[in-house]
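Here are the chains, one letter per residue:
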Amino acid sequence: MAEARLAIERPLSPHLSIYRRLINMVMSILHRITGAALYFGTLLLAAWLIATAMGKEAFDLVGAAFAHPIGKLVLFGYTWALVHHMLGGVRHLIWDTGRGFQIWQINVLSWLTIIGSVGLTLVLWAAGLFLRGEL
Amino acid sequence: MAYRTPLARVRGLGSAHEGAQHFWRQRLTAIANLFLVSFLIWLLMTLAGADYATTKATLAKPQVAIPLLLLVLSGLVHMRLGMQTIIEDYVHSEGRKILALMLNSFFALVVGLICVFAVLKLSFGA
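So the protein lines, in turn, are chains A and B.
In case it helps, numbering that gives the first Met the number 0 puts the first sequence at residues 0 to 134.
In case it helps, numbering that gives the first Met the number 0 puts the second sequence at residues 0 to 125.
Heads up, some of the hints might be wrong.
Stated by the list, open to error - If you want the footprint, here are the derived chain B segments under chain A, 3+ residues with CB under 8 Å:
no.: 1; stretch: 26-33
no.: 2; stretch: 43-52
no.: 3; stretch: 81-93
no.: 4; stretch: 108-120
Please keep in mind that the hints were generated in silico from the structure rather than gathered at the bench.
Glycine residues also receive a C-beta, built at the ideal position from the N, C-alpha and C atoms.
The shape of chain B in the complex, shown without the other chains:
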């Protein structure tokens, strides 16, 4: 510790340059997901066997759409962080690792956008 510059100590980011951000976001979204996934399970139970019109009308309700959007955001941040850890653990070649990390971000973004678009369309359009 004595060898670190005062600036490095104040920044508190350590050698990976991101400090505890990854850890903290993982926990923050984990706790959010506990509630949001419970909501999803409840929602799926109420929609078990429901027809198209009922499902559509239910998903368009603000009290359903808003938690669903929160779930998508929180869930995808959480899973992107988790997959990042898996990639960093198992992919050792630098090039392949960067490629995998990029694909990880793309996947989370695309899946997230599909879900968000669908929920917003059900709420505002069609």
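Here chain A stands alone, though its shape is the one from the complex:
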């Protein structure tokens, strides 16, 4: 009721799709997408913890689901989202101090985020698969 109904056709300000894609813009979008993905990804952590608490049968079931190629792909995506959101968060914390706002600094920080997140994810998975004896 209290909402103002001003549905008059007015020209809208230009939005995402008309701008040339810049790296900091892509990182900003990815930060939000990875955050939302991690939100639902906590279900994976919850499933693992509750299955372990429930007993061997449930633990083995969740373990098998995680070890399945599709499960692995989901976990790989989850790892990347986690690392990416973490590095993006550090970038934002740096910006919170008022530093790093020169254009070149913004570009460097943005590129470091994506290169770092992909690189770290690959390293973590290589280490994990090695520890499991699958590599």
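Chain A is already provided as a structure; the job is to place chain B on it using the hints.
Leaving out everything else, chain B in the frame of chain A:
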């Protein structure tokens, strides 16, 4: 600024009535998560390929259970705040927005309770 009452200025809550609380909690939990998520990654590495008995025994250790509980609390506060921002950005109808914000709180609470219950059960029970 000159138009604000002295009380409003002292409270410092602004027009949204919550001041910088959302911003501050987001940052506080973000910094906590940096350490706690690093711990989780380390934990998952040490448990890579571990069987049921090992996993259970590891998760029951206080030095593992306590950081894990902290991670769940800090992580869920952080993600609830983040999703709240996303909802407020994209859901414009007042009714749907309130519903989405409620579901957001329920989701965080339920997931949090499942995790906390599981860790405590592994530590104290079974």
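Review point. Which of the stated hints cannot be reconciled with the structure, identified by number in ascending sequence?
Key: Of the numbered hints given earlier, the structure breaks none, since each of them holds.
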